[in-house]
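K.L.:
Kindly generate the complete structure, drawing on both the sequences and the hints.
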Amino acid sequence: MLTDNVTVKNLEAVAKQVRRNIVRMLTKSQSGHPGGSLSAVELLVALYFSVLKYDPDNPEWPDRDRFILSKGHATPVLYSVLAESGYFPADELMTFRQLGSRLQGHVDRDSTPGVEMSGGSLGMGLSFGLGVALAARFDAKDFNVFVMMGDGECEEGQVWEAAMAAAHFNLNRVTAIIDHNKIQNDGYVKDIMNVAPLAPKWSAFGWHTIEINGHRFDEILDAYDEAMKTEDRPSVIIAHTVKGKSISFMENNPDYHGKAPTAEQAEQAIREIDES
Amino acid sequence: MTTEQEIASTRVAYGQALAEIGYTNPNIIVLDADLAKSTQTILFGKEHPDRFFYVGISEQNMMSMAAGLAANGKTVFASTFAVFATGRAFDQVRVGISWPNLNVKIVASHGGISVGEDGASAQSIEDYALMASLPSFTVVIPADAYAVKKAIPLVAEAKGPFYVRTHRPATPVVYSSDDCPFEIGKANMLRDGTDATIIAVGILVHEAVAAAEMLQEEEGISCRVLDMHTLKPMDVDAVISAAQDTGAIVTAEDHQVQGGLGSGVARILAENYPVPVEYLALDGYGTSGPYLELMTHFDFTPEAIREKVKNVIARKVG
Ligand SMILES: Cc1ncc(C[n+]2csc(CCOP(=O)(O)OP(=O)(O)O)c2C)c(N)n1
Chain A
358 MLTDNVTVKN LEAVAKQVRR NIVRMLTKSQ SGHPGGSLSA VELLVALYFS
408 VLKYDPDNPE WPDRDRFILS KGHATPVLYS VLAESGYFPA DELMTFRQLG
458 SRLQGHVDRD STPGVEMSGG SLGMGLSFGL GVALAARFDA KDFNVFVMMG
508 DGECEEGQVW EAAMAAAHFN LNRVTAIIDH NKIQNDGYVK DIMNVAPLAP
558 KWSAFGWHTI EINGHRFDEI LDAYDEAMKT EDRPSVIIAH TVKGKSISFM
608 ENNPDYHGKA PTAEQAEQAI REIDES
Chain B
7 MTTEQEIAST RVAYGQALAE IGYTNPNIIV LDADLAKSTQ TILFGKEHPD
57 RFFYVGISEQ NMMSMAAGLA ANGKTVFAST FAVFATGRAF DQVRVGISWP
107 NLNVKIVASH GGISVGEDGA SAQSIEDYAL MASLPSFTVV IPADAYAVKK
157 AIPLVAEAKG PFYVRTHRPA TPVVYSSDDC PFEIGKANML RDGTDATIIA
207 VGILVHEAVA AAEMLQEEEG ISCRVLDMHT LKPMDVDAVI SAAQDTGAIV
257 TAEDHQVQGG LGSGVARILA ENYPVPVEYL ALDGYGTSGP YLELMTHFDF
307 TPEAIREKVK NVIARKVG
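These protein sequence lines map, in sequence, to chains A and B.
Numbering of the first sequence is given in this note's numbering, commencing with residue 358 and proceeding in unit increments.
Numbering of the second sequence is given in this note's numbering, commencing with residue 7 and proceeding in unit increments.
In case anyone wonders, no lab produced these hints; they're calculated from the structure.
None of these values were measured; they are calculated from a predicted model.
Keep in mind that a hint or two might mislead.
Covered stretches of chain B (in silico footprint by chain A; criterion: 3 or more residues with CB under 8 Å from a CB of chain A, positions within the stretch not fixed) [as the list claims (entries may be wrong)]: (1) 42-54; (2) 87-95; (3) 121-135; (4) 188-195; (5) 281-295.
Here are the simulated DSS-like cross-link-like pairs (lysine-lysine), alpha carbons at most 30 Å apart as the crow flies [to be verified]: (6) B/238 - A/616; (7) A/366 - A/498; (8) A/385 - B/43; (9) A/498 - A/547; (10) B/322 - B/165; (11) B/80 - B/238; (12) A/547 - B/43; (13) B/238 - B/316; (14) B/156 - B/322; (15) A/586 - A/616; (16) A/385 - A/586; (17) B/43 - A/539; (18) B/165 - B/52; (19) A/410 - A/547; (20) A/616 - B/43; (21) B/316 - A/539; (22) B/80 - B/156; (23) B/238 - B/156; (24) B/52 - B/192; (25) A/366 - A/558; (26) A/547 - B/52; (27) B/192 - B/316; (28) B/238 - B/322; (29) B/156 - A/547.
By construction, the Cβ of each residue, glycine as well, lies at the ideal position given by its N, Cα and C atoms.
P.N.:
As structure tokens, then:
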């Protein structure tokens, strides 16, 4: 794909705005998951602003491409990107996790326009994506199905059941994205339950495997392009990322998997994002 | 009340109790599925690193590993959030642990809607219906942090599989350090009364006591309050006496109405001594919101219990 500088500049501006939104909504709610939201910003911004076909005024449009957030705790980044894409007003982000809000703590397809799957229990999204892709095959539709998982999430057996099934059914419209930020809840993935080596595992399960820097828009866009062009197998993009990306005290810090910043920290965080 | 209400965390109490018995019982092995900082098994892990295993985000694997350890003489504590311990790994628990009656103690945190902001997927409100349905399981839901401290050593010594639920937030205490009777299978009577009995478990016990005080002071209605901390086997005698002595019962629990405390109480009454019963429980999924707001939203308040008591008394015959 031809990724010109203008596209990348625009995407970078959106990514900054998405990061600001994440910080603000978490500071307001005083709960939620910043680390794995910040690591996935570029991956989602590239998807929603350059790749996916969708209509925010008609979230149920049958031909839309599907994005499924399997790591369903990373709602801050998804809601923020959906708001920037026009699904709902950005003001609504400030209701995140409050009683009565459409923006639930974990993904909830009945509450939030643009959310495809209800989740929050890790390991289920890829199987759901296979179901979506099978339905598309029945209906002779050719939309794409993207599923984002965490690297810790890949410890769930169901992920590998789905990996096997995707290749078996040759669901080539499915692209798995792994936000490989190296940290899970209790600490570093390599210490808690090592999932390495990821790429050879996915290859052995019959997937086309692409490995990239998940914060570089040129690499991300090329990867999406390559995945969509791969016809004979499902594709997986293993995106190397930094948990808590762009905020110094959150970067690579397991403590910020599921902890909101204080008001003071939020100010510093916004400053760092502005200056990044 | 003028004195400030003491609050304490049941999951921290669990971690502390477990770390402590780890010193006297070298046979204890602890497993956790990437939530050790949340369930507080990390406190055991720090003291006894050689007997603590992170199994990662793989609850099914954890439960079957626990079964294997227990089949070879270990006492295993397996912890994660209540939704995953019971829902995600149910088959592994049923076939692998319950059927062969193995010594696995599932102590799950984040029970009920008191989980708060994480919302419906994380709010475990079917957990003890599932676990109580398993023939060999004993199910314990301590009412506060003091009760957890009393319960965990007993659970460690007892034979067979156990399910114990703890909660995310620090919650108001019911007991104190030197005043917390705890015998598995025996309900605690926290207050005697003549007009009705409120039977509660977990975080609703505190609300039940507050409701009984309110009813006595404001309306002259006298309520017995039972903390049914052992949901299974339930204290049949306590339930029957409550029916005989007070003639009306209200149950209160942070769980689905189907298959919970209320169902268990109703079955005992139907078989032995039928009286009117009202149920305070959930019938549907939870939602995101701060814990205390959810408590009000779902009627987990003394005021709501008071109304149930008045309704059930009105239904008494004669
Ligand atoms: C089945 C299941 N087990 C446990 C959890 C609790 N939990 C939520 S997030 C998380 C860590 C996830 O790590 P990872 O997949 O690497 O996500 P990221 O670092 O991208 O946030 C855990 C254990 C869950 N949501 N689902």
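K.L.:
Decide, hint by hint, whether the structure agrees.
P.N.:
Outcome of the hint check:
1. Closer than 8 Å: that is the beta-carbon criterion, and the region 42-54 of chain B has 4 residues meeting it against chain A, so the requirement of 3 holds.
2. For a cut-off of 8 Å, the count of residues in the region 87-95 of chain B with a CB near a CB of chain A stands at 4, and the three-residue condition holds.
3. Proximity of the region 121-135 of chain B to chain A, defined as three or more residues with a beta carbon under 8 Å from a beta carbon of that chain, is established by the 7 residues found.
4. With a cut-off of 8 Å between beta carbons, the region 188-195 of chain B has 0 residues touching chain A; three or more are needed, and the interface restraint is violated.
5. Residue count for the region 281-295 of chain B with a Cβ under 8 Å from a Cβ of chain A: 3. That meets the three needed, and the coverage hint holds.
6. A hinted pair counts as satisfied when its Cα atoms are at most 30 Å apart, and residue 238 of chain B with residue 616 of chain A does not qualify at roughly 36 Å.
7. With a C-alpha separation of about 33 Å, the suggested pair residue 366 of chain A and residue 498 of chain A falls outside the 30 Å cut-off, and the hint is violated.
8. For the hint linking residue 385 of chain A to residue 43 of chain B, the alpha-carbon distance of about 24 Å falls within 30 Å, and the restraint holds.
9. For the hint linking residue 498 of chain A to residue 547 of chain A, the alpha-carbon distance of about 40 Å lies beyond 30 Å, and the restraint is violated.
10. Between residue 322 of chain B and residue 165 of chain B the alpha-carbon distance is near 41 Å, which puts this suggested pair outside the 30 Å criterion.
11. About 23 Å separates the Cα atoms of residue 80 of chain B and residue 238 of chain B, which keeps this hinted pair within 30 Å; it holds.
12. Between residue 547 of chain A and residue 43 of chain B the alpha-carbon distance is near 17 Å, which keeps this suggested pair within the 30 Å criterion.
13. Between residue 238 of chain B and residue 316 of chain B, the direct Cα distance comes to roughly 28 Å. Compliance with the 30 Å bound is thereby established for this hinted pair.
14. Note on residue 156 of chain B and residue 322 of chain B: the hinted pairing is violated, with a Cα-Cα distance of about 37 Å set against a maximum of 30 Å.
15. A hinted pair counts as satisfied when its Cα atoms are at most 30 Å apart, and residue 586 of chain A with residue 616 of chain A does not qualify at roughly 39 Å.
16. Distance restraint check for residue 385 of chain A and residue 586 of chain A: the Cα-Cα separation of roughly 42 Å exceeds the 30 Å cut-off, and the hinted pair is therefore not satisfied.
17. Restraint check for residue 43 of chain B and residue 539 of chain A: the C-alpha separation of about 18 Å stays at or below 30 Å, so the hint holds.
18. Proposed proximity of residue 165 of chain B and residue 52 of chain B is supported: the alpha carbons are some 26 Å apart, at most 30 Å.
19. A threshold of 30 Å between alpha carbons decides the hint, and for residue 410 of chain A with residue 547 of chain A the separation of about 36 Å lies outside it, so the pair is violated.
20. Only pairs whose Cα atoms come within 30 Å are accepted, and residue 616 of chain A paired with residue 43 of chain B is accepted, the gap being roughly 12 Å.
21. This hinted pair does not check out: residue 316 of chain B and residue 539 of chain A have alpha carbons roughly 56 Å apart, beyond 30 Å.
22. A distance of roughly 21 Å separates the Cα atoms of residue 80 of chain B and residue 156 of chain B; the hinted pair therefore holds under the 30 Å criterion.
23. Our distance criterion of 30 Å between C-alpha atoms is met by residue 238 of chain B and residue 156 of chain B, whose separation comes to about 17 Å.
24. Of the pairs offered as hints, the one joining residue 52 of chain B and residue 192 of chain B is violated, with about 34 Å between alpha carbons and a cut-off of 30 Å exceeded.
25. As the CA atoms of residue 366 of chain A and residue 558 of chain A are separated by approximately 35 Å, the hinted pair breaks the 30 Å bound.
26. Between the alpha carbons of residue 547 of chain A and residue 52 of chain B the distance comes to roughly 19 Å, so the proposed pair stays at or under 30 Å and holds.
27. The hinted pair formed by residue 192 of chain B and residue 316 of chain B meets the criterion: a straight-line CA distance of about 27 Å does not exceed 30 Å.
28. In summary, the hint linking residue 238 of chain B to residue 322 of chain B is supported, as the alpha carbons are separated by about 28 Å, within the 30 Å threshold.
29. A C-alpha spacing of about 37 Å is found between residue 156 of chain B and residue 547 of chain A, which places the hinted pair above 30 Å, so the restraint is violated.
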